[in-house]
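Chain by chain, the residues run as shown.
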Amino acid sequence: MSVTTLLAETGTITRFAGRFFREGFRPRYEWQELLYQCYAVGYQSLPLVGITGFIMGLVLTLRLRPTMVQFGAESWIPVMVGLTIIQELSPIITGLMVAGKVGSSIGAELSSMRVTEQIDAMDVSGTNPFKYLVVTRVLATTLMVPVLTLLSDAIGLFSAYVGVNMQGSTSLMLFVNHILGRLTYGQVLPAVAKTFFFGFAIGLISCYKGYYASNDTAGVGRAANSAVVAGSLAVFLLDLVAVLVSTALGLI
Amino acid sequence: MVKPMLPTPAPAAAAPLPAPTEAVLTVAGVSLTFGDNHVLQDFSLTLNRGQNIVVLGKSGAGKSVLIKCIIGLLKPDAGTITVLGQDVGALDHAGLDRLRTKLGFLFQSNALYDSMTVRENLLFPLRRQWLAHTPTQENELVQQALTDVGLADTAALLPAALSGGMRKRIALARTLILRPDIILYDEPTTGLDPITGREIDHLIRAVQAKYNTSALIISHDLACVRLTADRVVLLAEGRCYAEGTYAELSANEDPRVHDFFI
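As they're listed, the protein sequences go chains D and L.
Just so it is clear: in the first sequence, position 1 is 1 by this note's numbering, and no numbers are missing.
Just so it is clear: in the second sequence, position 64 is 316 by this note's numbering, and no numbers are missing.
Hints were generated in silico from the structure; no laboratory data involved.
Some clues are possibly wrong.
The list that follows gives simulated cross-link-like pairs (lysine-lysine, DSS-like), each with its CA atoms no further than 25 Å apart [claimed, not checked]:
1. L:310 <-> D:131
2. D:101 <-> D:131
3. L:327 <-> L:310
4. D:131 <-> L:320
5. L:354 <-> D:131
Using the sequences and the hints, build the whole thing.
As structure tokens, then:
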């Protein structure tokens, strides 16, 4: 992709985002479709996010333990793991999982609707397809990624507790108190806030890729693929921005 | 599964309808260009109430573009399109939505929503148009539309479970459920075997007879043209190259017109 193409694509996505804000908050509101999309994005992604969250917490704890023991800082394992999971790992892993599962699904669904003229049929039926298809999906990912991240945090911390107890013995209450006692709002809130942006970017990019897919069957595959790639890249870029902003504000 | 549908009236060639006079659709001097491709150039036609006009033309002649301009999915560069007395180009989105309740559009690909059952597909336009119906009324409307197209038992099926001809009928049922004044058919028999294609042609005639609808039919299937057209318009180089009844055009000796009727 040339620089010119990249800039043109960025401009088009920005206009697409502008249209989202213009049309998204004007009636008619598609509450029923929004609730369904929240269910599709949130509930149906939960098993995947839960499993990856559990493995993430367990692996991190088991990997950290020898080093922490070597430095005589075994008691710091809960805080270390807790901070890493809440601030970085859980938001990133959840974002990537949603970009992979939901982003590809949205990209493929909208592009196949474009190819088979279902989007035009919606327009002809008196339905604004942008509001019905795009706004609801972008809002659903924006709202659900933070929820999934919080659930992933909880599952990750629980698996970290399991990891700690595999080679030692700590009560759940002590483990939780140890983590909560060290966490500040300044550490937690930016981590939660950035996941709204992750969700927004994933939804927006995958909808854009699907909505403007080329009008052939190959376009469906390209839309699904590029939705995942661009969505995942956006998660990393936004995370970098979030870290830089947090550092500048003295929140880290 | 296929039940008897609407009684089929005699083909147009055998029993032409009385000449209608009230124009329900007027396309006046419409031009549309994509890049260097002049798809439509000063194209005009008039469709009267209760009349079927078939627009005939080669692939890529601009037939589907014309129909999308009429429904408001594409905006012409020049000219006006008047549907039921309203200038399509001057309507805002809400006005266009209101007008579209009077306009049915049968897509070439049928455009049935894959994720919805047949019943949900039929209810979608009904509910989206803010037309208040009780569940009983909705059931009656769905059942009536499905019976009209001879597929009364398919309400619970997904589009993937239907054959090409059945999907076409369901798409027509979805169009009929809003009781439109005008139906736009985009190549209604494309991709269907000849027998199923003729069934769809007869169905188009039957719908016209039962609901007194007017229709603009895009096609390059001669059998479809012969069975469904009250008048035929030949679209070539973006213009209305010839116009007349099927009999008139098939007797036309202009090579360009004649080539279509060989």
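(message) Under the constraints set out in the numbered hints, which ones does this structure not fulfil?
(response) 1
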